[in-house]
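Trainee: Take the two lone chains, each set in its own frame, and fit them into one complex as the hints suggest.
Sequences listed follow chains A and B, in order. Going letter by letter, the first sequence gives residues -18 to 251 in our numbering. Going letter by letter, the second sequence gives residues 467 to 857 in our numbering.
Worth double-checking, as some hints may not be accurate.
Here's a subset of chain B near chain A, in silico, CB distances under 8 angstroms, partners left out [as the list claims (entries may be wrong)]:
1) 531
2) 533
3) 553
4) 560
5) 562
6) 569
7) 570
Derived CB-CB ranges, DEER-like [what the hints assert, rightly or not]:
8) B:796 / A:241: 55 to 63 angstroms
9) B:615 / A:235: 32 to 40 angstroms
10) A:170 / B:588: 20 to 28 angstroms
Not close to chain A: a few residues of chain B, all C-beta gaps over 10 angstroms, as computed [what the hints assert, rightly or not]:
11) 537
12) 599
13) 614
14) 695
15) 702
16) 720
17) 725
18) 767
19) 771
20) 816
21) 819
22) 820
23) 837
24) 842
Just so you know, these hints were derived from the structure itself, not from any lab. All figures in this text were calculated on a predicted structure; none of them were measured in a lab. Where is the CB? At the ideal position from N, CA and C, for every residue including glycine.
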Amino acid sequence: MAFVTSFKNWFKRNLVVIAGLLTLAYLLLPNVIVTVFSFNKPNGRFNYEWQQFSTDAWKDPCGVAGLCGSLSLSLQIALWATLGATALGTAIAFALVRYRFRARGAINSLIFLPMAMPEVVMAASLLTLFLNMGAQLGFWTILIAHIMFCLSFVVTAVKARVMSMDPRLEQAAQDLYAGPFQTFVRVTLPIAAPGIAAGALLAFALSFDDFIITNFNAGSTVTFPMFVWGSAQRGTPVQINVIGTAMFVIAVLFVLASMVIGNRRNRRKA
Amino acid sequence: MTTNTTKNQKAATDGGGDVRLAGIGKTYGSFTAVHPLDLTVPEGSFFALLGASGCGKTTTLRMIAGLEEPSSGTVHLGDQDVTALPPYKRPVNTVFQSYALFPHLDIYENVAFGLRRRGIKSVKKQVGEMLDLVQLGEQARKKPHQLSGGQQQRVAVARALINHPKVLLLDEPLGALDLKLRRQMQLELKRIQTEVGITFVHVTHDQEEAMTMADQVAVMNAGRVEQLGAPADLYENPRTTFVANFLGTSNLIEAEVDTRGGEDVVVKAAGDKLVLPGARCSAPAKAGGKVLVGVRPEKISLTHADDAGSIPEGRNRITGTISNTSFIGVSTQYVVDCAACPEFEVYAQNIDRDPRLAPGAEVVLHWNPAHTFGLDAAQDIDAGVAEGEAA
Chain A
-18 MAFVTSFKNW FKRNLVVIAG LLTLAYLLLP NVIVTVFSFN KPNGRFNYEW
32 QQFSTDAWKD PCGVAGLCGS LSLSLQIALW ATLGATALGT AIAFALVRYR
82 FRARGAINSL IFLPMAMPEV VMAASLLTLF LNMGAQLGFW TILIAHIMFC
132 LSFVVTAVKA RVMSMDPRLE QAAQDLYAGP FQTFVRVTLP IAAPGIAAGA
182 LLAFALSFDD FIITNFNAGS TVTFPMFVWG SAQRGTPVQI NVIGTAMFVI
232 AVLFVLASMV IGNRRNRRKA
Chain B
467 MTTNTTKNQK AATDGGGDVR LAGIGKTYGS FTAVHPLDLT VPEGSFFALL
517 GASGCGKTTT LRMIAGLEEP SSGTVHLGDQ DVTALPPYKR PVNTVFQSYA
567 LFPHLDIYEN VAFGLRRRGI KSVKKQVGEM LDLVQLGEQA RKKPHQLSGG
617 QQQRVAVARA LINHPKVLLL DEPLGALDLK LRRQMQLELK RIQTEVGITF
667 VHVTHDQEEA MTMADQVAVM NAGRVEQLGA PADLYENPRT TFVANFLGTS
717 NLIEAEVDTR GGEDVVVKAA GDKLVLPGAR CSAPAKAGGK VLVGVRPEKI
767 SLTHADDAGS IPEGRNRITG TISNTSFIGV STQYVVDCAA CPEFEVYAQN
817 IDRDPRLAPG AEVVLHWNPA HTFGLDAAQD IDAGVAEGEA A
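So here's chain B without its partners, still in its complex pose (with noise of 0.2 angstroms):
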């Protein structure tokens, strides 16, 4: 009972700070499913663990609810230092994986959960507001099994936050619903993250929905954060190849350095030469020393080969075969066939569409210089590529 008093309090009074995890690790084993990572999640910010399945982002979560132990390393919420704490002491909750909604309550009892097990009497305004919040007023004495995807995983949610925990913890909470109501909830969620403030952490493989409700993007691979930083700046400069092939579509070149001149790096990759910013260069870019140039789809302009005269100058270039069109409505995605990567893929948004551009079309590539980056050429080119076809 004293416990939960000090409890009541601290959450009442004592509403701020970071998550900190420090040199936290998992082992089961032999086998490592999360390397030791120093990570902090912002006060009030919805942070989201991203990567593919096995990539240890649940384990990293379930260490912050205290649902696994660590190996290694500390959590701390603020100032305290919860790494020995069991779930029912942290002032944290979760929203499960397909909700783990208690089936033999009705959804006011699963509301009211956490706020009897704290001995709190008088639940029903609380309870009332929290529905109200979801949208769920109606449905209070219903069984879970009673109601849809989207409302079970809205009832998730507001069983956890009527606690108002120092962190929400969300285990893919998107995962079991259709790609409709996840975009609605996608939004809903985002709402909510901003009208209670509560800091959100929020584990997921879709690299879609890590973009648009996160404001900081951790991207996971093999049981190591490959990098972290806010969703425009890991696509826009990807620093490994895996966030660069995970997070969208990347075309990657295996260049040479030619010169690297005032802000500029120029490679040569098949006997085109091309430039990038040596600000987005993440390689040790010397001359003659590999790197691989990259550069998003949506980037490129395509040109028939018999307009190459129209090109403005300094843009960079490559030549090719188109080997396929697709037409999905708002844009048309072609693969061209070149000597310098055989699968180059380019997004045209559908203003004008030029009828030569088919199949067999001899067309040149071109894109502003500055939207090129570079990456260290001794990792795996692919890597992160079945990953996000997966996700």
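So that you can see chain A by itself, here it is in the shape it has in the complex (with noise of 0.2 angstroms):
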């Protein structure tokens, strides 16, 4: 009796911990199985089952025919569209916010279709659009698609940051002698840079695993998505599992990186 209610005490002070802890769990564990299965050594051609473990996978990471290529095709692909989507995003949201003009009401609401709409609908769409246009699919049409979808998450992120800027900010960098470039690349910029930053983390996640948009408009060329999905048919070679593991701990190093950074600059201030 003692027992029961010792425990339900226990459970109680500690109900937020535990709640937390399993949210992590749930969040964590396919990338834990992910890492786990990229050491292993299966039989045959699927890696679903356990069986030893080896190192032979991140020894030769490029082992498998096509990998390698697909996944440069979708790095060179996502920083392409990253580019193009911040830069476009970032003049369409400075306009939005700073100046009136007509129809300014209807692109405010059209810019968010593209996150409103289907995926499976805007890529077929797309892909009717290039093929009466008579546009060669390949790196080209993934790339303007890319930086279509993208725009919107840009623009979205940009806005917030801008519309809560002071525009007397602006206007004490033209008082001290800035000129209009000046004072954009000395104060706007640099303030809106975090929301800036933001949209191109954004943009660049998006387009980089984005499949159902860039399957149909892909033609022949196959990106990183692409190829796993094509090889998931005929059998899941272990390197996918080693480029997974070795993208999730490359984000999360950036992650610390910038957290020691940010913490070290709070002490030197302080």
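Mentor: What follows is the structure in structure tokens.
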């Protein structure tokens, strides 16, 4: 009896911690599985059952034909799509916040359409468009499609930042002898930078792992997500887990590095 | 680059010149923010634009800075017509309301911003001196959000002053500070102005602030300058009811001119005869005409009705009943109900307090006729009361 009550009390006190740990486990478990199976040595073509520990795949990540080519293509597309979408999206965000023009309200809502529309519909209609225009499917059609659906995310992220910006800061810069260009480079851009960076990161992530739209508009070109999907039909090479794990680790390292830099900066200030 | 160098030379060699606004006005669509006005700010003076919010004072300031384009008129700095110049080409700097410090730069870089934009390479000495002037040498490497409100305010002043502008514009610079700090900063700003000798144009809604700091005050109301003058002159000789009520408190009594003999005007108000100097009556005082007679609350003496005999001859007198008293330490404020004026305010210093002066007591109010002023009766007697209370 006494044991049950004390357990109840303990449970009540630690409820939040338990819920937090369970959520964390829910989030991390898939990544753990991916990582564990990157050290597997499967019998046969499918990497779904644990056989024995091996670092073979890590030693030779490009050992599967086409994998590293698709990975490099995906990275290139993600990079260019990020650049394009960030530049265009930042300009759109500034225009929407700063200027009053006709159809501004309409554009404000139209910008959200790519976010709201089912991806598969957008993919199909883009394909129709490209085919009608006689465009050759491949790198460029993928890039155009990616910039298109990344735009709305960048605009949303940058707009929030620009809207919260005090217009007097730019007036103060002008008052302190900065011309329009100097004002933009020295004051506007640095203050809007966190919003632009957030938009760019989102764009990169979205572009890198997009499958549906890419699959429709890629022609014979194969990106990394398409490669993974394609190989899953015929058997999953361990190298896919290796690439996945490496990306997860790199992302975590980025987050840790930014936290360390932030902390050090704060300490220096104080 | 060429514009930069010419400007530097100008700032360095040609320190002089008044700010002259000629017929300057601003309209937004059908709304007139500033009616065309003429104003000259003498070189080296501390000039205040005083008024309630929405009176056009900030718009006027922004037109001097170049941040607002005037709908009419011109702005001259000395001999130079700057009306068409953008803000970054005017030798004028602004201390913005809530400071507008650059959040991504530290204090040092905030202060150095103007020098760097003008292509000056070695800024270290100047920035150091300027930070010392505002007593912030220790904080140079902090970011603005790590400073207190008063410190941020001083950074804003330093950032503007380091450029040695011909005119420093201050837009409600003390509005965000608490009362004690505001008093301290008023003295500080006055000290800095005396030290650097630059013309300051200060926009404020706080009449006490304007009177403490400025050599000249322009009282603005509804896009117009109501009156311009030295603080004491504005306070003693208001020419409109707005100025009388907005600057401090005035007791205004509706009266009818009885006779105008020699230098004095004699008026009748609800049976009492009052005398005021003709020179202080801005209204056309014809016999039988209406005037508003005004007197400041602190000029009035309060005597209990039983002692009415002891009041010297030749003073203006009004009888009434005390309806309210409030004791505020150095003085006591009385509200007296008189036939001529239902809420007559009297401030009496607490030197010898007469215990009989309590609500309900019959009293005689009396004051030196020289302290009376006369205003045109054809205006709203309560103009400026609400604005003065809000401020």
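Trainee: Hint by hint, note whether the structure agrees.
Mentor: Do the hints match the structure? See the list:
Here the hint on residue 531 of chain B is kept, as its CB sits about 6 angstroms from the closest CB of chain A, short of 8 angstroms. At its closest, the beta carbon of residue 533 of chain B sits 5 angstroms from a beta carbon of chain A; the interface hint therefore holds under the 8 angstroms criterion. Annotation: interface hint on residue 553 of chain B holds; nearest CB of chain A at approximately 4 angstroms, less than 8 angstroms. Restraint check, residue 560 of chain B versus chain A: the minimum CB separation of about 5 angstroms is within 8 angstroms; hint holds.
A cut of 8 angstroms between beta carbons decides the hint on residue 562 of chain B: the least distance to chain A is about 5 angstroms, and the hint holds. Hint status for residue 569 of chain B relative to chain A: holds, with the closest Cβ pair at about 7 angstroms, below 8 angstroms. Hint on residue 570 of chain B holds. Least Cβ distance to chain A is approximately 5 angstroms, under the 8 angstroms limit. A hinted range of 55 to 63 angstroms holds for the C-beta pair residue 796 of chain B and residue 241 of chain A, which are about 59 angstroms apart.
Separated by about 37 angstroms at the C-beta atoms, residue 615 of chain B and residue 235 of chain A satisfy the suggested range of 32 to 40 angstroms. A hinted range of 20 to 28 angstroms for the beta carbons of residue 170 of chain A and residue 588 of chain B is consistent with their spacing of about 26 angstroms. Here residue 537 of chain B stays apart from chain A, with its beta-carbon at least about 19 angstroms from theirs, past the 10 angstroms limit. Residue-level check passed: residue 599 of chain B sits 18 angstroms from the nearest beta carbon of chain A, beyond 10 angstroms.
For residue 614 of chain B, the non-interface assignment is confirmed: its Cβ lies about 15 angstroms from the closest Cβ of chain A, beyond the 10 angstroms cut-off. The claim that residue 695 of chain B is not at the interface with chain A holds, since no C-beta of that chain comes within 10 angstroms of its own (minimum 29 angstroms). Listed as outside the interface, residue 702 of chain B is consistent with that label: its C-beta sits roughly 37 angstroms from the nearest C-beta of chain A, beyond the 10 angstroms cut-off. Residue-level check passed: residue 720 of chain B sits 46 angstroms from the nearest beta carbon of chain A, beyond 10 angstroms.
Chain A leaves residue 725 of chain B outside its interface by the beta-carbon criterion, the shortest separation being 58 angstroms against a cut-off of 10 angstroms. Listed as outside the interface, residue 767 of chain B is consistent with that label: its C-beta sits roughly 50 angstroms from the nearest C-beta of chain A, beyond the 10 angstroms cut-off. Distance check for residue 771 of chain B against chain A: the nearest CB is about 59 angstroms away, which clears 10 angstroms, and the non-interface claim stands. Even its closest Cβ contact with chain A, about 46 angstroms, leaves residue 816 of chain B beyond 10 angstroms, as expected for a residue assigned away from the interface.
The non-interface label for residue 819 of chain B is consistent with chain A: the shortest C-beta to C-beta separation is roughly 50 angstroms, beyond 10 angstroms. Residue-level check passed: residue 820 of chain B sits 54 angstroms from the nearest beta carbon of chain A, beyond 10 angstroms. Every C-beta of chain A lies more than 10 angstroms from that of residue 837 of chain B, the closest at about 44 angstroms, which supports listing it as non-interface. Against chain A, the non-interface label of residue 842 of chain B holds: every CB pair exceeds 10 angstroms, the least being about 40 angstroms.
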